Amino acid sequence: MHKDFGGLTAVQNLSFHIERGKITSLIGPNGAGKTTVFNLISGQLPLDKGQILFKGKSITLLSPHKIVDLGIARTFQELRLFQRLTALQNVLVGLQHRQGERLFPALLRGPSLKEEELADLQKARDLLRLVKLEPKGDELVENLSYGEQKLLSLARVLATDAELIMLDEPASGIPLGEVDRMLMIIQDLVKQGKTILVVEHNMEAVMRISDWIIVLNFGEQIASGTPQEIQINKDVIRIYLGI
Amino acid sequence: MDYIFYILILVEIYIILAVSLNLLMGFAGLISMAHAGFMAIGAYTTAILVTRLGVNFLLSIPLGVVMAVMVSAIVAIPSLRVKGEHYIIASFGLQIILYNILLNWVSLTNGPYGFSGIPRPQIFSYTFATYQSYLILASIITFVCVFLIWRVTNSRFGLILKGIREDEVAVLSIGKNVNRFKVITFIVGSSTAAVAGSLYATAISFIDPFCFTIHDSIFILAIVIIGGMGNIFGSVLGALLLISLPELLKFIHVSETVAAPLRQMIYGALLVILMRFRPQGLLPEYRARKGKG
Amino acid sequence: MFLQLLVNGIIAGSVYAILGLGFGIIFSTTRTFHFAHGAVYSMAGYLAFQFCVSWQIPLTISIALSLLSTIFLGIAIEGLIYRGLRGVGASSMELLVSSLGLFILLQNFMIILWQSDPRVLPVAEAIRKGISIGGIWVTYLQLIIIAISISLWGLMLVFSHKTKMGKAIRALESDPEMTELVGIDPVYIRFLVYGIGSALAGVSSILATMDVGIDPNSGIMALLIAVITVIVGGIGNYSGTALAGLLLGIAENIGIWKIPSEWKSSIAFGILLIFILFRPTGLLKKT
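Protein chains in written order, with my numbering: chain Y, 1 to 243; chain W, 1 to 293; chain A, 1 to 287.
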């Protein structure tokens with residue numbers, strides 16, 4: 001997967017690859033443009049110059065839902081869960097291409113639809129179990145703690161069955177025990193063949209799980225390398241200490 | 001007694017209207033002020049087909065729906081580009097334009113004179129002449145409409161609509177084509193209003209453009225809000241209350257010229273009071289709003 | 001013929017411009033869809049009629065009383081209804097619905113009091129006299145309307161850009177949070193804005209009642225026209241709104257030359273829909 005960005009003011013002359021089956025992290029000070037990169041890839045922000053290639057095909061001009069269709073899904077820093085739905089329902093809506101989403105099958109409710117619904121419920125519960133939220137399945141999201149909501153947003157993005165999963169600050173703002181759980185789940189995902197792109201501020205987490213790190217500052221790439229290389233990189237140290 | 005059957009028929013007509021508008025507003029977040037206009041499409045299609053072409057009433061219903069589908073489809077797509085309050089105003093504009101068409105396209109609609117003496121439905125040789133018999137027919141049609149819409153709201157489709165109402169960006173991010181959902185919902189909801197219009201035309205036997213004004217759209221909106229947005233049974237209850245309770249006003253001796261605006265004043269006051277103390281309506285979809293700190 | 005229609009349009013547009021300015025200042029500052037503005041508008045005309053015709057109070061005093069009452073009504077709505085709703089965390093939808101409810105309540109109250117016949121404010125015959133300027137007929141009243149409209153537009157611009165209060169209002173328009181930090185009291189500003197907006201509604205209502213009369217449908221049509229001018233003119237752009245009002249009046253009147261007059265209100269909405277679809281930011285760029 002190859003990304004070439006140019007000329008959106010928040011992000012300039014940025015070009016990088018993401019390797020399949022690995023965990024790549026995007027780090028950098030606040031305002032460095034990390035979330036902007038996510039928004040560009042997911043199709044929420046239009047690209048002024050350059051292109052984004054996924055498995056050899058350009059996804060630059062596609063709308064967000066089509067990009068999910070092709071296999072890229074993301075979480076949000078602000079979560080954007082459906083507060084007035086239950087945890088289980090939040091995961092259910094993440095499932096792709098279900099019959100129940102189309103009007104006539106929904107109206108007619110044939111036997112294949114009912115089978116699909118039962119299978120979906122099972123799948124959704126499995127995902128909730130993965131993030132240890134199964135007992136809270138029928139709770140409204142607005143009643144869950146922040147850490148629980150973060151895990152739920154992970155479950156929802158997993159429901160999309162995407163190949164490339166982009167996680168926006170998965171380890172921030174949650175207690176230490178939950179961070180470990182989150183990181184373990186992320187590493188498990190790679191074992192299942194997923195590719196992960198992470199934006200994260202929690203340096204310890206980043207160093208622990210990343211195969212590759214890209215450092216951004218003011219929308220440009222300052223450095224990239226393995227965690228060991230980044231840790232001793234003079235430019236990186238300078239921009240972090242210089243704040 | 002006959003009068004009670006008449007009221008019940010009216011209640012059912014407004015149940016269809018409220019439930020279908022609730023689909024738009026309470027589920028997809030599409031505030032439509034043109035619902036009376038779509039009702040009119042059904043009413044006028046039935047009136048024209050039945051009185052001028054002798055088409056059977058039951059056949060005129062799906063034809064009315066087809067007309068409404070066409071109009072709503074034409075309107076739905078450009079309306080996607082319109083956000084928030086602009087959408088409400090645009091639907092206002094649509095209502096006014098539809099009303100103007102009813103009033104001014106005289107060769108089609110008889111203009112301000114409308115249609116009178118619309119005959120009651122006939123199946124084979126049986127005519128639903130009395131209110132009592134008509135109520136049975138209306139009840140079946142109403143049940144079907146409410147049931148179908150309930151099915152939609154209770155499905156994965158409905159769940160996604162609730163998501164759209166809350167956060168479109170999030171829905172896009174899980175791969176759903178928000179625009180497609182909105183267009184389909186708008187078409188379904190608006191054309192269901194046409195069914196209510198067809199019933200209205202043959203129940204009351206007389207229609208003119210003044211039955212389908214912006215004030216009527218606002219009335220349907222009031223029913224949805226008072227009954228409870230996002231709750232189908234709330235719309236049923238709301239229609240029942242707002243149509244039948246004002247009939248009790250008839251027992252208080254006010255002159256006819258005062259009764260109608262007085263009724264409206266009560267709706268208006270209800271809306272204000274509800275928004276302050278119980279904005280989720282009579283039958284809420286979920287719990288009340290949280291206070292801001 | 002064309003010129004006569006053009007002038008008719010300018011007269012109608014002048015009233016629309018004042019209408020738009022009133023609704024506009026409220027909407028751009030508070031971002032509340034003040035549906036009840038339509039009822040405030042109607043109330044002014046009906047009250048003036050009541051004072052002047054039913055109670056035989058001299059016209060000028062009637063107008064003054066009516067304007068004062070209208071300002072009071074607008075401020076009361078903000079203070080008694082909207083403020084309470086905001087205080088309990090109401091969403092903008094809930095504010096809109098309650099404003100709608102208020103509109104229905106007030107509008108029907110007026111129907112009970114004054115029935116459905118149009119009511120006209122009697123003005124001295126001298127002003128109703130028409131004169132012919134270059135073959136075009138206008139009445140003195142209509143000339144006064146145009147003059148008042150232009151003056152109010154100018155006043156609004158001066159007020160907005162040169163006075164402390166005007167600048168405070170613009171501050172609240174663009175950045176509500178900053179405004180509070182800088183020590184401007186948004187509560188006071190909102191009252192001010194509802195007062196000004198309602199006064200403008202009152203002026204346009206009274207002028208219209210003098211020229212063509214008022215009836216129960218005037219309120220909602222006035223509201224819709226106000227909304228159209230604000231959207232077409234650009235929210236927060238006073239000159240744009242006034243210009244939009246003027247152009248709308250002209251378009252409607254010239255429109256009926258070619259399109260049957262029954263379709264007049266569709267012209268307004270046609271223009272609205274075109275702008276919503278293709279230029280939602282409005283005619284002029286925001287200053």
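Quick caveat, the hints were computed from the structure, so don't treat them as lab data. Mixed in with the good hints there might be a few duds.
Selected chain Y positions facing chain W (Cβ under 10 Å, derived; list incomplete) [stated by the list, open to error]: (1) Leu47; (2) Arg74; (3) Leu85; (4) Val93; (5) His97; (6) Glu101; (7) Ser112; (8) Leu113; (9) Ala162; (10) Ser172; (11) Ile174; (12) Gly177; (13) Arg181; (14) Arg238.
No experiment lies behind these values; they were computed from the predicted model shown. For each residue, glycine too, the CB sits at the ideal point set by N, CA and C.
Inset, instruction - Double-check alanine 162 of chain Y for me: the hint is only fine if its C-beta lies closer than 10 Å to a C-beta in chain W. - result: holds, 8 Å
Legend entry - Hint status (Cβ of arginine 238 of chain Y to nearest Cβ of chain W, threshold 10 Å): violated, 35 Å
Legend entry - Hint validity - glycine 177 of chain Y Cβ closer than 10 Å to any chain W Cβ: With a closest approach of 27 Å, the glycine 177 of chain Y hint is violated.
Inset, instruction - Identify whether the interface hint at leucine 85 of chain Y stands, where standing means a beta carbon of chain W within less than 10 Å of its own. - result: Check passed: Cβ of leucine 85 of chain Y comes within 6 Å of chain W, closer than 10 Å.
Legend entry - Agreement of hint leucine 47 of chain Y with chain W interface, Cβ distance less than 10 Å: Violated, about 17 Å.
Legend entry - arginine 74 of chain Y as chain W interface residue, shortest Cβ-Cβ below 10 Å: holds, 6 Å
Legend entry - When the least beta-carbon distance from arginine 181 of chain Y to chain W is tested against 10 Å, hint result: violated, 23 Å
Legend entry - chain W contact restraint for leucine 113 of chain Y - C-beta distance below 10 Å: With a minimum Cβ separation of about 9 Å from chain W (threshold 10 Å), the hint on leucine 113 of chain Y holds.
Legend entry - Hint status (Cβ of histidine 97 of chain Y to nearest Cβ of chain W, threshold 10 Å): With a closest approach of 8 Å, the histidine 97 of chain Y hint holds.
Legend entry - Supplied contact hint for glutamate 101 of chain Y, tested at 10 Å Cβ to chain W: holds, 5 Å
Legend entry - serine 112 of chain Y as an interface hint toward chain W, with CB separation required under 10 Å: Where the cut-off is 10 Å and the nearest Cβ of chain W is about 14 Å from serine 112 of chain Y, the hint is violated.
Inset, instruction - Would you settle whether the hint for serine 172 of chain Y is holds or violated, based on the nearest Cβ-Cβ distance to chain W being less than 10 Å? - result: violated, 19 Å
Checked against the numbered hints listed earlier, the structure breaks hints 1, 7, 10, 11, 12, 13 and 14; every other hint is satisfied.
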